[in-house]
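So the protein sequences, as listed, match chains L, V, D and S.
The opening position of the first sequence corresponds to residue 1 in our numbering, with each subsequent residue numbered one higher.
The opening position of the second sequence corresponds to residue 1001 in our numbering, with each subsequent residue numbered one higher.
The opening position of the third sequence corresponds to residue 2001 in our numbering, with each subsequent residue numbered one higher.
The opening position of the fourth sequence corresponds to residue 3001 in our numbering, with each subsequent residue numbered one higher.
Calculated directly from the structure, the hints in this document are not laboratory data.
One or more of the hints may lead you astray.
To be verified - Result set (DSSO-like, lysine-lysine): computed pairs, CA atoms no more than 30 Å apart in a straight line:
| no. | chain 1 | residue 1 | chain 2 | residue 2 |
| --- | --- | --- | --- | --- |
| 1 | S | Lys3292 | S | Lys3079 |
| 2 | V | Lys1176 | L | Lys176 |
| 3 | L | Lys176 | V | Lys1072 |
| 4 | S | Lys3315 | S | Lys3370 |
| 5 | S | Lys3292 | S | Lys3315 |
| 6 | V | Lys1176 | V | Lys1230 |
What the hints assert, rightly or not - DEER-style ranges, computed between Cβ atoms:
| no. | chain 1 | residue 1 | chain 2 | residue 2 | range |
| --- | --- | --- | --- | --- | --- |
| 7 | V | Arg1013 | D | Phe2161 | 44 to 50 Å |
| 8 | V | Met1199 | L | Thr92 | 56 to 62 Å |
| 9 | D | Ile2064 | V | Gly1138 | 49 to 55 Å |
| 10 | D | Phe2161 | V | Leu1017 | 24 to 30 Å |
| 11 | L | Asn130 | S | Arg3377 | 40 to 46 Å |
| 12 | D | Leu2150 | V | Gly1138 | 36 to 42 Å |
| 13 | V | Thr1066 | D | Arg2162 | 56 to 62 Å |
| 14 | S | Pro3409 | D | Val2115 | 40 to 46 Å |
| 15 | V | Leu1087 | L | Trp127 | 47 to 53 Å |
| 16 | D | Phe2161 | V | Arg1134 | 35 to 41 Å |
Ideal placement from N, C-alpha and C gives every residue a C-beta, glycine not left out.
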Amino acid sequence: MPTYASLALVAVAVSTLAAAPFYLSDYGVGLLIGMSGYVTLATAWALFSGPTRYVSLATVAFFGIGAYTVAVFSETLPYPLVLLLAAAIGGTVAAVVGLSTLRLAGVYFVIFTFGLAELVRQTVTWWEVNITGTLGRYIFLPFEGRHIYWQLLALLTVTMLIGWLIGRSRIGLALKAIGDDEAVAAHAGIDVTRTKLVLFVLSATIITLVGAIQAPRWTYIEPSIVFNPTVSFLTLIMALLGGPMRLWGPMVGAVPLFLLFEWLSANFPNHFSIFLGLLFILIVFVMPNGVLAKLEGIRKGAAQ
Amino acid sequence: MTLQLEVANLQKRFGGLVAVNDVNFSLQAGEIVGLLGPNGSGKTTVLNMISGALQADGGRVVFRGTELTRQKPHRIAQHGVARTFQLVRPLPTLTVAENVLVSFAFGRYRHWGREAEKLVEEKLEFVGLEGRGRERVGNLTYIDQKRMELARALASEPSLLLLDEWLAGLNPSELKTGIELVQHLQGAGITILLVEHIMEAVRALCTRCIVMNAGQIIASGPSAEVLQQKEVILAYLGDDHA
Amino acid sequence: MFEHIVNGLVLGGTYALIAMGLTMQYGIARIMNLAFGDTIIVACFGTYLLVSAFALSPLLALLILVPGAFVFSYAVFLALMQPLVARAPNREALEVDSILVTFGLLFVIQGILLVIFGGAYTSYSYLNVGVNVLGTTVSANRLLAFVMALVFGGALMFVLFRTRWGMMLRAVELAPESAPLYGIDVDRVARYAFAVGGALAASGGVVVSMYQTFTATAGVVFTMKALIVVILGGKGSLIGALIAGIVLGIVETLVAAYIDPGLTLAATYAVFLAILLFRPTGLFGSAA
Amino acid sequence: MKTKRTAVTRALWRFTSAIGVAAIAAFGVTESHAADDKTSITIGYAVSKSGPNAGGADMTVTPNYELWVNEVNEAGGIKLPDGSQLPIEVVEYDDRSSAEEVVRAVERLATQDEVDFILPPWGTGFNLAVAPLMAKFGYPHLAGAAVTDKAPEFVERWDTSFWFMGGGGDYTSALADILVQARDAGTINNKVAMISVADGFGIDLVNAARPDLEAAGMEIAYDKAFPPQTSDFATILNEAEATGADSFIAFSYPPHTFALTKQAQVANYSPPVFYLGVGAGFPVYSDISSGKMEGVMSLGGIDPNNELNAAYRAKHQEVIGRAPDYWGSVLIYASLQMLQQAIERVGLDRAAVTEELSTGTFETVLGTTKLEDNQLRDIWWTGQWQDGTFVAVAPGDRAGAGSVVLPKPGWQ
């Protein structure tokens, strides 16, 4: 059990972050939105992909589903209900997809999830064009940056809490066992398919909610905006940088990487891609298991 | 004696090859039965079908009155059938204790928390790994990994244990310890199906033997008798010459 | 109906041409190269440069760019992939690493192209005349892509099945673990396979640039198409890539003609996902 | 138990340090630079320099920003009403074709860089994404590269927004008028084949075109949307040709426009009316069509006899190294000139500049320009390639309009 002191520390940290918009500029809040958005995405991604080692590129499929749900229903339903609906749709899609794909292993799963994101995007596009006869949709919700930030912060806190609980629970142990050796896990009595499915749905639902919460910030959305594959790739690289096997890993990866991107795009707007690419290569070569593993390695090395 | 396991007309093909052909046998509660035969004779395939790792193409597996034939591995484990693997398969990112805990947490009676930790400690002590629960499995010697794997199989609290060449690769003194461990299990009322090449172990442990060759049972009966049979000796000699 | 088949064949020729390169890299060299499409785009811009600045024929550009791409890909493998191959404990780890590194490479190439050429749409015309094929008019440049796909496919097939080097390639594809037992230098074979894949990508790029508008950032479209074809055909299978490419072309054309042009890509992905689910080794892949 | 506690402590240490990094970053960037002695006018913009939108931005938006800044600074800067003259200092970001990035970049420009003015990004979607922020921070928003029928509504919602490219309905009704005239003159039949790219632009236009064409009594014989990634149009053109329509209309983006042209030439498909979307008005179109673009129609156009426009085109060629397109470029450049003149008249007070833009009359490359309800309405809706120039042909009653020549000659 965590001590009261550490619980208090978390409470202080969360409330400090929650109070941040009162003494930050809009840009500061914008940064926090971007950061908390990506930290939540990366943490949710790692909930499933970290222990099971199923590298998913479907992040943006769920992110986009969330954003689209808000765009479609924001005028007709009360906002909390829209969020619930988004979560339900994202979760349902994840369940259907999960049931059919979680037996694919390795790179096939990677490719499938990428294809899935494109399929969802194409289908939404076709539906909008041919059935509803529009493409862009407007979201006029009376939210300022800080409102979106608070929602994201709450979602992030809940996500971290879920991750922490999973790590201490039976299902966390099951996931680690599955990641190590599916056959052994199954013979030990673990329902491998159901465990993976539950986590995939959970992770996808959180990702859907991130998309739903962020969407009002853009006023106007269309498939090319919300199904931007970069979201999937950035989420992946952030989680990998920090180390997806650890609860704090994605956060440790996402925060500095996000700030670095911001700095690069401000100072080298014309060379952003080159730096980003070199950085990726560097990460793979220098810290293949993530920053946390690297730090632990260094600490161990120093101790010896 | 009560009937534990009944295997009837079991069939398995891989492509055109018939790996297991019309295999029938049954196990009584508390028995240790050896499943023998040269490499490729279909022993492990039979084991895989009982434990659910493979789907049988035909026939049935009934365990204590429950049909296991088309059940998934985790259901079979929860019904009380546990197994080890021909080559040890530890879960490398987990500690020794966690490896064993997995089976307690998801096995027959699903233990968790303090109680499970205590049970893990007991099982580790039973296999001779007391106090080593916090170690990474990668740091264990081969024999200790085998011990750990036995502990993991026992942690699902099975009434039928499938041991796939669990004694292979042990030196003579380790073998002695291993045989004693298995005998203890029998004392605890666990039925054991033992796939094994080491005749010394088979003689010491098994009341009965089933011998397979080329996917079929060629002999079965009390160990002493079966191991004398000409066919059985031939099958092994043939294997040695190959 | 018949004209759609002809159009589909010609469209599929392009897909086949670019997919054969990726299948060499992915199937044999075991590198999931996300920067594959960007190699194609580099060849597009290279051709454009040679055509517009030096008034060279795009066909001559082939003679410069294809060997260039071979050398470039060889160097990339040596510098970036070899260390990964060496340190990877298993196939999965290598796949994840190579996805990440080539994703980085993708951005580097794209960034360099953006600095040099900017983000503008680029296009020129060459061999843009109609050719009558069995009563259907198709463009000469697309026909060229189709013919090249057949020629390269045939030539590679000959090399694979009739030469010693080809035998080594196939050995590495089928059994990378045991190939070294037969005295095959797997790394060397992989280097060459990767380089040949790059050269094929460049040849695809040269032809594609004749009829398609390209931008510095369009590489990922080609990567995806090629990847789909490779998975459809079975990774490492050249004949699979060739046939799957052509099948995909025909499917897209028929969907556009008889169902809805808006669903061509959705149909592509649907076919692709279905294959992944029901026959993950592809139409012509060896069993897993 | 001991090891467990340290694990928790370590995790918390990580958490707090992560927050620390975030906080430092956030605070670090909020310190604003004091701007007591103004030595320059800062102008900020975020455009897509990478990602899928880079192609469009690089054709129509960025070159004009660069051209304008270059011209102003060569002339010594912008003259303010107090007599001082300040050069322009540019703060630019790459939005990487991401909506979230463009939103944050504008927040950054407004609240951290505190630039004097912000120029808009490329594209309808991105302009709408930044519109609420521009209004909130009180920056005039000169939405250049954005086509929308909802401009009047947006002006009400965001009173600092200005719309320079008209709406889909403007372009399609002008086209419908041309078709009706040609039909009534017996030049073309009553049938139209129409395709559109399945994204915001294509759908906006095709939705506007349908009622316009139906009202004009035209029969829409083929009406399909295609995905933006489409590169092969052989089948679509076959099907369109098979309908027997004399008018072919494509609301397309440059890659499709170019591919359609090439395929039409290959298949020798040359209907009397051949109308394409964005890209047909690019200077490069002449190369794409191998010089055979005579008679092809599209959006936009110029008056070839307008000297102001000719001078602008020459200057663009000289500074940027290539010619501007025949549609959006000149509108965006004009919006910048208006901004400049508004600043010269009322200074750097953004509210006053907004007011001046809304009510003032300006001398721009378009001639004498005045906005109606914050929208530029004096736009060429339809153009046609005639003798190597993309000549404006609608609205026909506007001074300088050329006349439509139909049927389009074959691909000679």
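Which of the listed hints are not met by the structure?
1, 2, 7, 11, 12 and 16
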